[in-house]
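A.B. asks: These are the residues of each chain, in order.
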Amino acid sequence: MGKARRPVQIVILLFIIVLGGYAIGSTVFGDHKGRPTQGSTSPDFKLLGMDGSVHSLKEYRGKAVVINFWATWCTYCVSEMPALQAQWEKWRDQDVVMLGINTGEDRLTVDRFVKQVGVDFPILLDSQNEAVQKYGIVPMPTTFFVDKKGSIVSIHEGELDLTMLDEQIGKLVEP
Amino acid sequence: MIQNTKCECGHQNRVGTVLCEACGKPLYDSDQSTEPLEMRYDGVARRSQKSNPNFIDRIWNFFSSVKVAVYLIIITLVGAIFGTVFEQESNFVYFDPSTFYKQKYGTIGDIYYKLGLSHTYESWWFVTLLVMIGASLVICSLDRVLPLYKALSRQKIRKHRQFLIRQRVVYEAPVENLTEGWIPRAVISLKKKGYRVKHDEDALLAEKQRFSRWGPYIIHIGLIIFLLAVLFRGLPGLQIDKHYWFPEGEVTKIPESNLYLKNEGFTVEYYPEEELPEKFRESGRVVPKLFETKAVLYQCTADCDDPSKEPVLEEVKRHDIRVNDPLNYNGFKVYQFDFDLTPKLRSVTPSLVRADTGESYGKFKLSMTNSEETYQVGPYTLELSNKYMDFDLNEEGKPVSKSKDPNAPAFLFVIKGPDLPEAGVQYIYFPKQIDKERFQQDAINKRLGGLDSGLALDVLGMEDVDFIASSSYLNIRVDRAMPFVWIGLGIVMLGLVLGFYWHHRRIWLRLDGQTLILGAHTSKDWFGLRREVARFLQDMGVDVDEKHLENRGNQV
Amino acid sequence: MNVLEISRLAFVVAFYLYCLSFIFYVVAVTGKTWRNRDPVRHERKWGTVSFVTSSLGLLSHFIYCGTRWAYSGHIPVSNMYEFMTFLSMMVMLAFTVIFLIYRKILIGMFALPVAIIIMAYAAVFPKDVQPLIPSLQSIWLYIHVTLAATGEAFFAIGFAAGLMYLLRTVEFDKQDKSSLRQKRWLEFTLYSIIIVLGFVISVYGFRAANYEAVFVQNTTVIDSEVQEDSTIERIVYNLPPIVAPDDSKPEYIDSFLGLKFPWFEAPSWMKGEQAGRQLNTVIWAVVTGTLLYFLLRLLLRKPLSRLIAPTLKSLDPDDLDEISYRSIAIGFPIFTLGALVFAMIWAQQAWGRFWGWDPKEVWALITWLFYSAYLHLRLSRGFQGRQSSWLAVIGFIVVMFTLIGVNLIIAGLHSYAGVD
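Protein chains in written order, with our numbering: chain A, 906 to 1080; chain B, 2 to 557; chain C, 149 to 568.
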């Protein structure tokens, strides 16, 4: 063992440091619930839109995306709809996409609602709660602001007003 | 520090050696001492024992110390106790921990939370302790097992007298008629007792169950595998742990997989009264006997990723999931977790009738979700213009839905047909009788003009109502690292059994002229060894009481 | 007579046989020094008598277990009464094994009281045969609980032998610091055992007198939506209520010695089912135990340890030390297998996770860590004898806390093993 001892010792100690560091790091910094957080990449999804076509988040790479999780029965979601529509109209020409993801209601319900409120940004149906699970949505509405590279710049839980929305989108569009 | 590590027998020992590696003579003690020897690791130097340690040696030495290991164990133990004082955050999901502890336990609870003890087992210091224990397991074992292996595999038959008489089991006395045949006879006697014997003319080494010495190291290897498996469980993709609701009769997609699960029925059964003890009967307590979800697992084979198409499903597994009996499909496991027996409306099949005569035009199926847009009943066309799953009126008096669950469903139709205005008449329909009364269906319809048509929607019998009787809350689990966890634990158990239920026994014997000197050592169970040695000596014609074999050193 | 009645009878028979055999063991050990006796013959004769009696007791205990099993259709380890009874049976089994290895009748004098006290403690809990709830319907109930109890039983023998070692080696005449400390703690350990007796006596005493007090308690449950739900619960005390449940009103209280109860309310931070009632029971145990202890002191006019120690003079302390170590060494793998490995396998099967840091799990781990520290410390010579005997004593306290304390004080997933 004589000569080989030192390298063996160093290798073993290195192993312990790496594995131990990983163990400690993953418990301290790891997110326990598996939800995306600020700065993490936005998980992809493929959902049926009200327009009848399939939308995936990937196809909007290169654009700033505002993802809004909502439902017709959620009062705050309903009351922030006009603000979202207004901002959509304002920013749609500057590579900003707004996606309204309805959480688990059927086409008819959503269709009537959309017509009634008069929104025309893409509304997607998450009938199996796929995106809701991936994004770990608890309260509604929850809005994710995703930059052009696909990373989440900020997450807002609760109702958004016009100025806040404007500010957040402004940040996304800035180079 | 320079030590002379050369033994009088001529063997050059490594630094840290206590007993000469060749003849076993104690290197540092006075020759007069008869105190039992420290036989740990057979007196050889541990790997780490060096004359001038540098930085890396120091770290190595720290973790190679059993004393440090014991301290680590004790600190971990005490740390673990702290985590049991109040419940841990991980044991409940619904509360906000920052207020929960203060509310429930007052200031102590608040301090507990602020110290981070509410998640003791996920805290950096606890994990660090576990990592240090892991490091100690590796280094302690490596540091001892190789030298010990070497020492045991090149044992000399003839040991120094000092070594023999300072064992804990010793016999030294002149023996009559020590003829030449004595040693071979001793060999036969010892072999009968299961010893492997090596001997020369006047010395002998008998040994058995040496493998039990490796027990502790096998335990440590098992523990390391276990800890590594637990560590790697957390790697992405190796683990899923989710809970979902599965309504009875529905095929529900399991998110982030291409699997679908159909709950074909959930059963909860209670023990009949006569099977309960009297006290329970008196207090009216019920005891559940069975929770069971009849589950069918489907795999999607085509159109899985396209939400615009219906996925093509293929049944892959069928299992009655019970507590203690999960569904297992190639490591994808589904556990019974909870249930909800609140019935939910799936669909109703109302009939369109004339309000005054009761004449029916026929019925149509109206499902709560994904309802059709139009229905043709007799000569009439019903267009569903809106629906509310959990009907209510908001402050402005407008109809809204309070949730997506069909607690109080309401359907707003436009009925067109003979004798009705071109644009049709509006008619609201509450399938549940209780809602009809609560929200005054007739009053609303009157306002909408729906009563003018003289038509009404009504469910004629219970067979026209379809309920989701219950929902089962199932836990979806994938844990790809589990086999390694079990392998690790299996190895631990193997080591424990080897190390604790077998004992490494050695008997050294030498004849110095007419004097027999015997020393014996065991890793455990001195009592048994003494008995065995006494029996052996008896075989050889030496009568000695078990108790007198014991060497207690100078204290006797 | 039905099977359940046979089972109940066998329980009682086993209990009395144990008590009888304890007396025989005492006679066997102390009688050696009586006049007109041949010590060797006396020991052999009475040793045989006591061992036969305790073995008959164990046989009867097995009959209890078998018949109850036959009656209920599941192994009787599913509630506190059944488990503690089973544990005492395993203690006797472990004692028999150790006795057959070492043939020291003296172990009987210490192991039997341990088994008897555990059995008496078991008898305090409701004896009804309860059907198994779904989470307990598993083959692992049989394997996990029985093996864990067996391992713990060997720890109990290790405790008994350790305590004997301490009593054997304590030096009453020395006045130096360490001897004084030794004496004090040893006496305290015996006092604690008397308190357990005090618990059993007070429960049985008041049960015989049919004592009852009832409180109405307002319990506030914070349900999942962080709304407070109040429920009203009736809590029945079978001991005079020194402590009332938190936030409660007495409904009626039987009188006892004309005293006025309750004296105070249980603090609200105490959890677990019926914390107030349990605190009250603990207070009664301490009061009765203390009274009993001082009564004994008054009668004997010397510390209890001083009474017992002379009977051990004929024993070799090294033997005791080894017996203690050996039985812990035998118990450790069994405990690991039963209380940790099989527990993990079961947890994986029932709950989908092999480890969840549930208080009971954590305390099993703590017990395991404690005994592994003990085994490592045994490696160094300084820890043999006195220190290691103390560790054996403390270790068993940890075991008992894991078995009883966790259920009484900390609520968790294992609460169904509870007391109710």
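Just so you know, the hints here were simulated from the structure itself, not pulled from any lab data.
Be aware that one or more of the hints could be misleading.
Pair by pair, the computed Cβ-Cβ distance ranges are [unchecked claim]:
id : chain 1 : residue 1 : chain 2 : residue 2 : range
1  : A       : Q1033     : B       : G450      : 38 to 46 angstroms
2  : A       : K963      : B       : R481      : 39 to 47 angstroms
3  : B       : E547      : C       : G504      : 28 to 36 angstroms
4  : B       : G332      : A       : L1067     : 48 to 56 angstroms
5  : A       : I917      : B       : I488      : 18 to 26 angstroms
6  : B       : R481      : C       : G504      : 42 to 50 angstroms
Covered stretches of chain C, going by a simulated chain B footprint (3 or more residues, C-beta under 8 angstroms) [unchecked claim]:
id : region
7  : 275 to 284
8  : 331 to 339
9  : 463 to 470
10 : 513 to 524
Note that beta-carbon positions come from the ideal geometry of N, C-alpha and C, so glycine has one too.
A.B. asks: Compare the structure with each hint and give your call.
C.D. replies: Going through the hints against the structure:
{"no.": "1", "hint": "A:Q1033 to B:G450: 38 to 46 angstroms", "result": "holds, 39 angstroms"}
{"no.": "2", "hint": "A:K963 to B:R481: 39 to 47 angstroms", "result": "violated, 27 angstroms"}
{"no.": "3", "hint": "B:E547 to C:G504: 28 to 36 angstroms", "result": "violated, 50 angstroms"}
{"no.": "4", "hint": "B:G332 to A:L1067: 48 to 56 angstroms", "result": "holds, 50 angstroms"}
{"no.": "5", "hint": "A:I917 to B:I488: 18 to 26 angstroms", "result": "holds, 21 angstroms"}
{"no.": "6", "hint": "B:R481 to C:G504: 42 to 50 angstroms", "result": "violated, 19 angstroms"}
{"no.": "7", "hint": "275 to 284", "result": "holds (count 7)"}
{"no.": "8", "hint": "331 to 339", "result": "violated (count 0)"}
{"no.": "9", "hint": "463 to 470", "result": "holds (count 4)"}
{"no.": "10", "hint": "513 to 524", "result": "holds (count 7)"}
Hint check: violations occur at hints 2, 3, 6 and 8; the rest are consistent with the structure.
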